[in-house]
Amino acid sequence: MTETFTPSPLFQRVERARRRKPNVRDTHVTLAHGSGGKAMHELIEGVFLEYLGNPILDRLEDHAVLEFSRAGGATDRDAPVRLAYATDSYVVTPIFFPGGDIGRLAVNGTVNDLAVSGARPLYLSAGFILEEGFPLEDLRRVLASMRDAAAEAGVQVVTGDTKVVQRGGADKLFINTSGVGVIESPVRLSASGARVGDKVILSGTLGDHGTTIMIARGELELETEIESDTAPLGSLVRDMLDEASRVASLDAVHCLRDPTRGGVATTLNEIALASEVCIEIREDRIPVREEVRGACEILGLEPLYVANEGKLVAIVSAGVADALVARMRQNAYGRDARVIGEVTAEPRGIVALRTGFGGTRIVDMLVGEQLPRIC
Amino acid sequence: MKFIDEYRSGDTARKLAGEIARLATRPLKIMEVCGGHTHTIFKYGIEDLLPDSVTMIHGPGCPVCVIPLGRVDDAISIALQSGVVFTTFGDMMRVPGSKTNLLDAKARGADVRMVYSPLDALKIAKKNPDRQIVFLALGFETTSPSTALTVLQAAKDGVENFSVFCNHIMIVPALKALLDSPDLQLDGFVGPGHVSTVIGTRPYDFVVREYGKPVVVSGFEPLDVLQSVYMVVKQTVEGRVEVENQYARCVSRGGNLKALEALSEVFEPRDYFEWRGLGSIAHSGMRLKQKYARFDAERRFDVPGLRIADPKACQCGEILKGVKKPWECKVFGTACTPETPIGSCMVSSEGACAAYYNYGRLSKIAGRAAQT
Numbered sequence: 093m094t095e096t097f098t099p100s101p102l103f104q105r106v107e108r109a110r111r112r113k114p115n116v117r118d119t120h121v122t123l124a125h126g127s128g129g130k131a132m133h134e135l136i137e138g139v140f141l142e143y144l145g146n147p148i149l150d151r152l153e154d155h156a157v158l159e160f161s162r163a164g165g166a167t168d169r170d171a172p173v174r175l176a177y178a179t180d181s182y183v184v185t186p187i188f189f190p191g192g193d194i195g196r197l198a199v200n201g202t203v204n205d206l207a208v209s210g211a212r213p214l215y216l217s218a219g220f221i222l223e224e225g226f227p228l229e230d231l232r233r234v235l236a237s238m239r240d241a242a243a244e245a246g247v248q249v250v251t252g253d254t255k256v257v258q259r260g261g262a263d264k265l266f267i268n269t270s271g272v273g274v275i276e277s278p279v280r281l282s283a284s285g286a287r288v289g290d291k292v293i294l295s296g297t298l299g300d301h302g303t304t305i306m307i308a309r310g311e312l313e314l315e316t317e318i319e320s321d322t323a324p325l326g327s328l329v330r331d332m333l334d335e336a337s338r339v340a341s342l343d344a345v346h347c348l349r350d351p352t353r354g355g356v357a358t359t360l361n362e363i364a365l366a367s368e369v370c371i372e373i374r375e376d377r378i379p380v381r382e383e384v385r386g387a388c389e390i391l392g393l394e395p396l397y398v399a400n401e402g403k404l405v406a407i408v409s410a411g412v413a414d415a416l417v418a419r420m421r422q423n424a425y426g427r428d429a430r431v432i433g434e435v436t437a438e439p440r441g442i443v444a445l446r447t448g449f450g451g452t453r454i455v456d457m458l459v460g461e462q463l464p465r466i467c
Numbered sequence: 014m015k016f017i018d019e020y021r022s023g024d025t026a027r028k029l030a031g032e033i034a035r036l037a038t039r040p041l042k043i044m045e046v047c048g049g050h051t052h053t054i055f056k057y058g059i060e061d062l063l064p065d066s067v068t069m070i071h072g073p074g075c076p077v078c079v080i081p082l083g084r085v086d087d088a089i090s091i092a093l094q095s096g097v098v099f100t101t102f103g104d105m106m107r108v109p110g111s112k113t114n115l116l117d118a119k120a121r122g123a124d125v126r127m128v129y130s131p132l133d134a135l136k137i138a139k140k141n142p143d144r145q146i147v148f149l150a151l152g153f154e155t156t157s158p159s160t161a162l163t164v165l166q167a168a169k170d171g172v173e174n175f176s177v178f179c180n181h182i183m184i185v186p187a188l189k190a191l192l193d194s195p196d197l198q199l200d201g202f203v204g205p206g207h208v209s210t211v212i213g214t215r216p217y218d219f220v221v222r223e224y225g226k227p228v229v230v231s232g233f234e235p236l237d238v239l240q241s242v243y244m245v246v247k248q249t250v251e252g253r254v255e256v257e258n259q260y261a262r263c264v265s266r267g268g269n270l271k272a273l274e275a276l277s278e279v280f281e282p283r284d285y286f287e288w289r290g291l292g293s294i295a296h297s298g299m300r301l302k303q304k305y306a307r308f309d310a311e312r313r314f315d316v317p318g319l320r321i322a323d324p325k326a327c328q329c330g331e332i333l334k335g336v337k338k339p340w341e342c343k344v345f346g347t348a349c350t351p352e353t354p355i356g357s358c359m360v361s362s363e364g365a366c367a368a369y370y371n372y373g374r375l376s377k378i379a380g381r382a383a384q385t
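So the sequences go chain by chain: A and B.
Residue numbers for the first sequence follow the working numbering, so the first one is 93 and each next one is one higher.
Residue numbers for the second sequence follow the working numbering, so the first one is 14 and each next one is one higher.
It is possible that part of the hints are untrue.
Derived pair list, reagent style DSS-like, types lysine-lysine, alpha-carbon separation capped at 25 Å [unchecked claim]: (1) Lys325/B / Lys112/B; (2) Lys112/B / Lys264/A; (3) Lys291/A / Lys56/B; (4) Lys140/B / Lys264/A.
Because the hints were derived from the structure by calculation, they are not lab data.
Same shape as in the complex, but just chain B:
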């Protein structure tokens, strides 16, 4: 595939890895915030190429992983109401609630359908005027603009039987919460790429200004990630602290103004939103503005709305903060596996635990675990 293979060249990777090894003379911990990067790192075995001095910490940027149990329960309760067609992205289907998941709800008779975009859900709504179509919206600023545009379209077309169960979250409050956490030790960030195509690179300035950590916004191909690691390492070696943009082919400093406009038209921040493993984070979630309340599933349907504590055995929080490695969790790979996930980090292929489980058991990391 032209234009993609160029970003996957093994030769270039080895050269770049050699450069990183040359520069990284002291131990460095670098967090990739985004689950997409975590996936790339494991899928291509990037950690095998990095020198021992560089450790990647896998951050909380997998939206499926940070959905709390209570919200999944709410989703299932809506899905089970009669007349409802519940739509969501495929990777939400197996995310565990406190007792069950959406795939089970479907087996028990709920009409749960996988869609590729909220616009597909809106299409289903138009085709089935006698049913209530609910779309489970989740994700960072990567996906929230498409939800916003769908709500605007529904409003324009006067669709009455469509609503959104909104779990959209924002990256900047999450980063702040992470940086404020006392047990975090990091030398820099590989910044999210897709989110940044929407919000731009400017919102990360506070990481440099207030916390003194370098940020390199990165693309998703393996060479993108490797080059971004190189750029973070280079900053620390040269004593610079800046926001740099490795993903300039898609990301601008100011972001996508049209998308940002749609977001601020439709959504407003919630006072608090709960993140699995990280707890409640102020102004980190989005909900529909009063003006679009008729499209808000939480206002249209009764939901239990209960806050349910994370399972005790599960150490997702420490793992999402990079304080613990997945294998240091007691249930990793035994009680908690991709087939029967306890913690959300094991559910999505972008979750740190699932990535280790599926891809990483062989790599150098496993060797490192043997030493610790």
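Same shape as in the complex, but just chain A:
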């Protein structure tokens, strides 16, 4: 990856337009606004922030980091307490799918949003919107799965809410979970933390969850053995931070994200834009399961844009990359971890892919919805 790119007038023109303040021209919410891609970013930055914006929300990370200073005391005890706080709603259809269900997803999704802040996830809330007529048997199944997922992730559901709406007012079952975790180490992780020379680590195969949901809907009459990758990432993050401080320091880990809707492509674009760097990834290093690749080929989907529910992307100093990958591979949820690229200086704010075929192309954020209601 030695050759450099030539920025051109064309490129600059597009970049200027790309960084314009979002201007929401739509008069109605469309499914594209829920895609995790550009339309959703426009809605959040152009509408939500206008009304609800504040310095913490404006950072637009997957979680908020809240700092409290302790009263009194000296030395160490002056260090502020840092809490991570995150929320997510789950509307996936179908609610049961190979590898998991809406309950397991609702626990792991919020746990992961907390984990990538470097926090130890502790407590969850759970809100349920039930459609009239929803079988209690199914509710029990979902709850059992939430119980098991919470146990695995080491969190407790400590508060909750239940609402029932008329038939048609919701689709079977929607779940919202919020969570808090405590950031015990002085780690500082942020989408704006990527630096030139850093390595990009991916914890495993791409696209398993999105492809599973697509096939589970049965519209395509495909039969495969693909399963959702829904998993809690807390232990993997702890292993990584532990390894980083063992071989160098916690500062060597710059950014962690879990690439859900919009896939790895969208996550890397967010990091490239927030950090003002270029992220170069190599197609031949990106692990994709054979079945997922086949299904995506048939459906015309790109694994880079397909949702994951148990993977993370890490931006780390080059010096610790190999040690981190080796340690991640010892964790059940990081067995296929590898370095997939690196951070370079120019052109800023973009993700570039070296294709296995020998060419180069830009990997932009997803524009419309690739597939609605996957989580």
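Place chain B on chain A using the hints.
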């Protein structure tokens, strides 16, 4: 994936690209007609591998891109009528009409559903006998046979609540119109692959006979496209002008007779059909024959049927003809982006502008733009 990876080998690509560079000693402009090829070229960065002497021109073979505004408006007006379930392929959802698109119509309450095949639309019709199910059919001879077979199936099963809003187009009249355009300068064609699985390679003979340009019908994997470029270059260097078939594993000279039979049973050419950017082209569109008129949404529903001029700022026409490169259009990448497309070339991932925008901003092409 076995049987596919063989067509994506980087090593073979480099060897082939070396051969092309050796042969192409003078500047050559080659048009890939089909949007699928455009997509492959950008997705795999094929232009990075080509020598400076070979320029690819991205042709009009993206059916979504050439749908005129007025037809999209007609589609939306049908979709908004009460009792209608409007079905279409996913990439039609965001295609702009004069004011809005189908995704918006859906948000405003129209029942618009994505399907993967017209047969899925027919299934919806059978399941919902109290609704009118309309399928927006579009595409070249690649997709028209499946529409034809669905209409035949509907007729056989006596389905009364199913109709087709037909926007099927034909490749040969489009090629003719392109070749007749005075500002076109081309040395040869990478011919469409999927279309040719249906129509065969024989219909392209006129390109060789009347216009003296080589045609190589190509498959869609990156090595297919690269090899086809090589074959076109080789023809020009050796002074040959022929129709060659690189995609012989799927395409025959005579085409798919069963599919052609279904097409001629169900469809007839329209006198004129409008193409976005290219204007009206004689005998280029298809409509349902009188015999199947009951399945024709244009006859079943009131549609405005207005012809709406392309937006002034938009230079899709020049881009589709290869006269201009996407970045030479004033609104490219600024007012016209994949999120808010003005021109249709920006809508579908097979459109030349969207391909440049999404994939090509880095490549050698961008470097070339810097020089011009």
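For each hint, the structure was consulted:
Between lysine 325/B and lysine 112/B the alpha-carbon distance is near 15 Å, which keeps this suggested pair within the 25 Å criterion. Between lysine 112/B and lysine 264/A the CA atoms are separated by roughly 35 Å; this puts the pair beyond 25 Å, and the hint is violated. As the CA atoms of lysine 291/A and lysine 56/B are separated by approximately 24 Å, the hinted pair is consistent with the 25 Å bound. About 22 Å separates the Cα atoms of lysine 140/B and lysine 264/A, which keeps this hinted pair within 25 Å; it holds.
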